[in-house]
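Visitor: Dock chain to chain to rebuild the complex, using the hints, since each chain is given by itself in its own frame.
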Amino acid sequence: MMGLPSCREVTGRLSEELDSPSARRRPWRVRMHLMVCSACRLYERQIRWIRASMRTVAERLPVRMPPARRERIRRALRENK
Amino acid sequence: MSVRPIGELDAEQWLEAHGDALYRYALHRTGNPDTAEDLVQETLLAAWRGRDSYQGGSSERTWLTGILRHKIADHLRRGSRQDAMKRDLRDEGSIEDALFKGDGAWRAPPTHWGDDPLALNEAEAFASAISDCLDELSPTQRASFTLREFEDVGVDEASRTLGITANNLYVLLHRARLAIRRCLEVHWFGGHRRP
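Protein chains in written order, with this note's numbering: chain B, 1 to 81; chain H, 1 to 195.
The hints are simulated quantities; they were obtained by calculation from the structure and are not laboratory data. Heads up, the beta-carbon is just placed ideally off N, CA and C, and yes, glycines get one too.
Calculated Cβ distances over 12 Å to all of chain H for the following chain B residues:
#1 Arg-25
#2 Arg-26
#3 Arg-31
#4 Met-35
Okay, the calculated bits of chain H under chain B, using three or more residues with CB under 8 Å as the criterion:
#5 102-109
#6 148-156
From the derived model, a few chain H residues whose C-beta atoms are all more than 12 Å from chain B:
#7 Asp-52
#8 Ser-53
#9 Gly-57
#10 Ser-59
#11 Trp-63
#12 Ile-67
#13 Asp-74
#14 Arg-77
#15 Arg-78
#16 Asp-88
#17 Glu-92
#18 Arg-160
Isolated chain H, as found in the complex (with noise of 0.2 Å):
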């Protein structure tokens, strides 16, 4: 943690030292470059403007990372995502339609994975397949699927964050972990690492 004078405070210095971390976290809730950089872009010119704001009290880190997840909900928030997340929530063609019979039985039952946990030296392996995974969720799913999955940020300011109700909130993670663990059983399980 580095904590200077708030005269020392310089966005070309935070995009040197924070950079590729923002730009990452946003990529992965995203899953657009051209947006990703956009919303750096706009957290270093927020922080900046609002760098009388900054305590020192979190790390430069924390604080932009902060800032950047608020850029990427107004993001989701804006004009047509809203429209887009209107049909996210609809029952109607949703993926539990395509993964469970009329009757709500599973159309083909989930295999085994086996019993071990994902091993350090898979890491990076799995991460780039997580990463392909997430590609296929809408941008509010995979927004709200990161912030829980990935931070862990309760479901009160996950939602908050997101502008929608707990209850959203609950039918966007569900949709996403079916269509994330789908995803795995076929690009993981089924390539990369055999139970």
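Extracted from the complex, chain B is given alone in its bound form (with noise of 0.2 Å):
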């Protein structure tokens, strides 16, 4: 794609528009970039479809503290108080 900014840099871009206030208005290289590409339409919907379900899932991670190590750091909270 002459002249135009490549996948790589077009990727770079995309993931700083999604943490980045002064990255949302997107130049219009980029935004020709992306209508001749659809990987790189792809590669935009899917991580933010990754922050989404990220967001979804973020409260539902199944961890329960081992109890050897919950009973360890009952003895460090005793011996230290």
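Guide: Written out as structure tokens, the structure is:
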């Protein structure tokens, strides 16, 4: 794609748009790239899907502290208080 | 939210009430059970010593999680982790080199995932898949990614917490997303959930 940024550059830009308030206005060269590149369009949808899904599961990650670890911490609290 | 007189705050009660949540938080951010245990212990001890500063304005869980978040950041900044972070920010051998050709085009373009959002009844299986994918990240990538994507911590606060610049944070997040996306394509969309 002559004169347009590469997929490597565009994916970096798309990621930054998720984080940086100043990156929200998309340069036309990036828009042009996305018009002709279905792979990067998919990439954008997917990193947004990942963000939404991560927030859905954030509190559902099924981990309990193993009893032996809990016991070690309990002992440390008693000794150090 | 439970607000009690300061004198009744008790580190062992915190361990009972919030131990699982704090451990889960630390484990998903560091990927290491021993480290997670140490960090929870340090957090509860620090909270006990600083109990006079607890105003009861936020819930105990929020207060303790705030302390834990700083303990995790201290852990990442300690010793050789600084070198690891510098390695993470270098270009040579980065995940970009693995995923893109010399001219910057995809080696293997993303495949279709379908249009459906994650369904609630898939959440548990997905949580387990994402947990495996997080293990593929470096410690600093993992910490950056979980701060932003699990917790929606703002860029300024996240970079302050990790002791890095916003630009470095963008690089770490970008590489984490490239890695997580590739991992989910193989282990989630290629297996459990086919579009």
